[in-house]
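Novice: Residue-level listing of the chains:
Protein chains: 2
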Amino acid sequence: MPDQMQRIVLASRPEGQASEENFRLESVDMPQPEEGEVLVRVHYMSLDPYMRGRMNAGKSYADPVEIGETMTAGGVGEVIASNSPDFQPGDFALGAFGWASHACAQGSDIRKLDPDMAPLTTALGVLGMPGFTAWHGLDAYGRPQAGETLVVAAATGPVGSMVGQLAKQKGLRVVGIAGGADKCKLAVETFGFDACLDHRAYASAEGLKEALAAECPDGIDIYYENVGGKVLEAVLPLMNNFGRIPVCGMIAWYNSAETDLTAPAIWRSVLTKFLSVNGFIIFNHYDRYGDFLGEVGPGIASGDIKYLEDIAEGLENAPRTFLSMMQGGNTGKQIVKLV
Amino acid sequence: MPDQMQRIVLASRPEGQASEENFRLESVDMPQPEEGEVLVRVHYMSLDPYMRGRMNAGKSYADPVEIGETMTAGGVGEVIASNSPDFQPGDFALGAFGWASHACAQGSDIRKLDPDMAPLTTALGVLGMPGFTAWHGLDAYGRPQAGETLVVAAATGPVGSMVGQLAKQKGLRVVGIAGGADKCKLAVETFGFDACLDHRAYASAEGLKEALAAECPDGIDIYYENVGGKVLEAVLPLMNNFGRIPVCGMIAWYNSAETDLTAPAIWRSVLTKFLSVNGFIIFNHYDRYGDFLGEVGPGIASGDIKYLEDIAEGLENAPRTFLSMMQGGNTGKQIVKLV
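Chains as they are written, first to last, in full-length UniProt numbering: chain U, 1 to 339; chain R, 1 to 339.
Careful, some of the hints might be misleading.
If chains are identical, the list can't say which one is meant, so a pair holds when it fits in one copy or spans any two.
Unchecked claim - With a cut-off of at most 27 Å between alpha-carbon atoms, the simulated BS3-like pairs for lysine-lysine come out as follows:
#1 Lys185 <-> Lys168
#2 Lys59 <-> Lys209
#3 Lys112 <-> Lys273
#4 Lys185 <-> Lys59
#5 Lys112 <-> Lys185
#6 Lys59 <-> Lys273
#7 Lys170 <-> Lys185
#8 Lys306 <-> Lys185
#9 Lys59 <-> Lys112
It should be emphasised that the hints constitute simulated quantities derived from the structure, not laboratory data.
The shape of chain U in the complex, shown without the other chains (with noise of 0.2 Å):
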């Protein structure tokens, strides 16, 4: 075992843009597990838009990573050494092991994978904390029904390629949005969409919304929303009557607040249109995991349900590929391979 191990720390906060600076590669000594605790060797690392958030000074749903502090992040490592009873060496395990090559957790706090029932990389994604985004919100929230229209942006992500999935097998119309031809290309041939818009293609958020009504000739009855920005304001005027807007993320806002869209234009909707809106992350509901894997786990091991990886290599790379992937640079789910 080395005595050294890697991570990634947050160096400075970002003012607006979010660049390499505010991150920093160091070495430290190798943790030892304490009474109950197992050390893992993370091999695949998960990158989430929620990383975003926690480089912010202020509590948002969680508390901000410190200057200094490894950066936040779900991984999935290999047991190195074990005071847990519950694992071995040699066991894989999914815990919120942050930007690193090494990390020590309790056995209380992380979950036993077993390689042999999915790849491993699944538990960040599509079997993991996005996936069940996706599920939770559009059933919890979203209550579809056949016959309805869904529009979801990030339509080839983890939660956008999920809701869009789930809404179809319901029989509802699933309009996607997503960054580029290549994108709206796999959402409707791979995914199952039945049209999917390239947001890059309209300068304003007019354009969008006339490319959207023409595609959504009975309004919008679901916007599962993970984007905020330019989507919502199209999205807002064409949402039908007690329509449902899940609130999972606000991607477009995270590095800025820049916007045509106002207050008082957002509940205008939400009261003219009987609106429900809920926002929710899904760290407070793993009480319906289990239901999450008993409904998708079929249609994932059959393939009807299909999801994409992004696998880039390097714990290195890690600033670098998260700050490509808040510009729409991946292709599926983003994950990094320590190992």
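Keeping the supplied structure of chain U fixed, place chain R upon it in accordance with the hints.
Specialist: Frame of chain U; chain R shown alone:
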């Protein structure tokens, strides 16, 4: 029977603030009831903030009043001629009679009132649309739990005063917001609010927020939204996780959309605090009207639930009274007595 009736029509659409010039009093021929219709003489008409929305062009949740058309209003009328088997002259009925001395209506579109059961005016207020709005919004979207904290503005109005009393009955801490020291005193002494803040005493949302924070030491679980504007801006930062916001109006933004609150700030609160926001108008929920009367009626009959009415006189004074009400000039449910 006179051969002329009086009505107030929309003379022009307001630009920003509405004014008396937007209305016109007219005399027209007395209408004759068709088959199935009754002719009523209106005794009381209701003035409500939603009417401001009907004065604008463009569909809100209802079609606008057209130029030259009678302004919309609920009213209590005495049947003076009937071609409906369900009504006889002398009966009293609740219906959408408009800003008018007389009106014809289908018997099936109006509801018979028993003047011995409750004062006729209560059909427009505490036992009518505003009281029902308060009850349904709190019950269905507020989901109140004992020990929680609720905030509602226009605290002495027909909606706010009912929301506050119902929430007190359920064991919540209830903090009102109202315009002026007299109304705040009424909210506490007559309606039993735990506290009430005078929004006029705070130039900025920040000042109001600090005062609210002091009165809501455990944060805010339910914000019953009927005003928008500065109050919403002050409340949002104080909302607790999993808070609920039933939205039944936004009177502060009816005349103008000026605000310091931004769209991303609203969305960020919804997301990071896991809020549930529901827009509604009571016209969609009359299937629950019987439940409302069954639950709230006894408290009104016994005097446990208080209510205030502000009764102006004369159809010709309706525009002035309406405009004053939109600025908070009324105390309690605004009604105009015509007979």
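Novice: Compare the structure with each hint and give your call.
Specialist: Comparing the hints with the structure gives:
1. Taking identical chains as interchangeable, the C-alpha atoms of Lys185 and Lys168 lie at most 27 Å apart only when both belong to the same chain, with a minimum of 17 Å there against 56 Å between chains.
2. Proximity of Lys59 to Lys209 under the C-alpha cut-off of 27 Å is restricted to the inter-copy arrangement: shortest distance 18 Å between copies versus 34 Å within a copy.
3. In this assembly of identical chains, Lys112 and Lys273 lie within 27 Å of each other by CA distance neither inside one copy nor across copies; the values are 46 Å within and 31 Å between.
4. Proximity of Lys185 to Lys59 under the C-alpha cut-off of 27 Å is found in neither arrangement, the shortest distances being 38 Å within a copy and 37 Å between copies.
5. Taking identical chains as interchangeable, the C-alpha atoms of Lys112 and Lys185 are never at most 27 Å apart, the minima being 36 Å within one chain and 61 Å between chains.
6. Proximity of Lys59 and Lys273 under a CA criterion of 27 Å is satisfied inter-copy only: 11 Å between copies versus 32 Å inside one chain copy.
7. Within a single copy, Lys170 and Lys185 get their C-alpha atoms as close as 22 Å, which meets the 27 Å cut-off; across copies the closest is 54 Å, which misses it.
8. Only within a single protomer do Lys306 and Lys185 lie at most 27 Å apart by alpha-carbon distance; the minimum there is 14 Å, versus 62 Å between protomers.
9. Taking the shortest Cα distances, Lys59 and Lys112 never come within 27 Å of each other, neither inside one copy (30 Å) nor across copies (55 Å).
This entry does not satisfy hints 3, 4, 5, 9, going by the numbered hints stated previously.
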